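For the sequence shown, position 98 matches number 98 in the UniProt record's numbering, and the numbering has no gaps at all.
Honestly, the hints are just simulated from the structure, not real lab data. All values derive from a computational prediction rather than experimental measurement. Every residue, glycine too, gets a C-beta built ideally from N, C-alpha and C. There may be inaccurate statements among the hints.
[To be verified] Label pairs and their calculated CB-CB ranges:
id : residue 1 : residue 2 : range
1  : 95        : 45        : 40 to 50 Å
2  : 188       : 223       : 33 to 43 Å
3  : 17        : 184       : 28 to 38 Å
4  : 141       : 54        : 23 to 33 Å
5  : 159       : 203       : 27 to 37 Å
6  : 72        : 232       : 33 to 43 Å
7  : 209       : 6         : 48 to 58 Å
8  : 77        : 231       : 50 to 60 Å
9  : 51        : 195       : 41 to 51 Å
10 : 195       : 81        : 34 to 44 Å
11 : 8         : 91        : 38 to 48 Å
12 : 184       : 217       : 29 to 39 Å
13 : 203       : 232       : 17 to 27 Å
14 : 18        : 135       : 46 to 56 Å
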Amino acid sequence: MDSFPKEIISRSSSILIRVTEVQRELFPARARGKFLFEAQFSRTDSPCKCFPKSCTIRIDRPTILSSPGFPVEYCDKLDCEIELQLDQYAIDSTHHNAIIIEIHAFNLEHGSDFVHFLDRSKHSSRHLISRTGELSTSRNKFFTFCGESAVLRMITDSTVTNNGFNMTISAIQKKDDCRCKGEAQPLEFSSSAGKFSFISPVDCGFLDCFFQFNRPITALDTDRIRLVVNVTYTFKNGEEEFLEVLTSINNYNIIPSHLNERDITVYAYI
């Protein structure tokens, strides 16, 4: 150490050690030839505990969910999962509730730490999309699940610390025809050829729909399949409307994004 005092701060800023040089004459003669070190520690509860494994989303008030330690600390080596369940799904014969998430703050290590969004159906969960990095680089701050239950899973490693996330989870009322295509998300296609269409009602907002194109079930293991998808779409000029084409359903990188009315052709190998 070149100079004193010297401060040593842990990576997560949870421990501070201050080293100070003192005059040897201040110590008794019998202790001058010994190494002296005095430290005082106090035990505190760690904020790096996973959030509850389940949460009921009430229709009369929102639920706030934050990453462990937010906003003071950023916890590494976490694998936390929470299941979200609406307390009331069906309203009447024409309306139902859905789970909607509004993200207020989001700053995770890009490409290493994730929040995975999963659709929960009966006893299984199906991955929809993952978020990483910062909120400012995302297309929107809302996400809506189609079913009455969903799962969020946060995974962090042990390299870089950021700020974490803070979000509000609420129930939003929708008309019965304002829903994604299919009973579960993502809607999967495994045929060698096909055509489908999806039209949402004019007054239908806050939809996050996923269509997954798999390797045809008739293909042999030795076959190399080229997937060609022709997409024609029209938007309603909403503030946060977009079409994202992912090379893989587990790929958090969205390449490219299409925001205008046009025809596109997507090529991929599966």
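Consistency of the hints with the structure:
For the pair residue 95 and residue 45, the supplied restraint of 40 to 50 Å holds, since their beta-carbon distance comes to about 44 Å. Checked against the hint of 33 to 43 Å, the pair residue 188 and residue 223 fails, with Cβ atoms roughly 19 Å apart. For residue 17 and residue 184, the Cβ-Cβ distance of about 53 Å falls outside the hinted range of 28 to 38 Å, so the restraint is violated. A C-beta distance of roughly 24 Å is found between residue 141 and residue 54, which places it inside the suggested range of 23 to 33 Å.
Between residue 159 and residue 203 the beta carbons are some 46 Å apart, a value that contradicts the proposed interval 27 to 37 Å. In this structure the hint that residue 72 and residue 232 lie 33 to 43 Å apart at CB is violated, the actual value being about 49 Å. In this structure, residue 209 and residue 6 meet the distance hint of 48 to 58 Å, their C-beta atoms being roughly 56 Å apart. For residue 77 paired with residue 231, a C-beta distance near 40 Å fails the hint of 50 to 60 Å.
For the pair residue 51 and residue 195, the beta carbons lie near 43 Å from each other, so the given range of 41 to 51 Å is met. With their beta carbons about 37 Å apart, residue 195 and residue 81 fall inside the hinted range of 34 to 44 Å. Between residue 8 and residue 91 the CB atoms are about 58 Å apart, so this pair departs from the stated range of 38 to 48 Å. Range check, residue 184 to residue 217: Cβ separation about 18 Å, and the 29 to 39 Å hint is violated.
At roughly 22 Å, the beta carbons of residue 203 and residue 232 sit within the given window of 17 to 27 Å. At about 36 Å, the CB distance of residue 18 to residue 135 disagrees with the hint of 46 to 56 Å.
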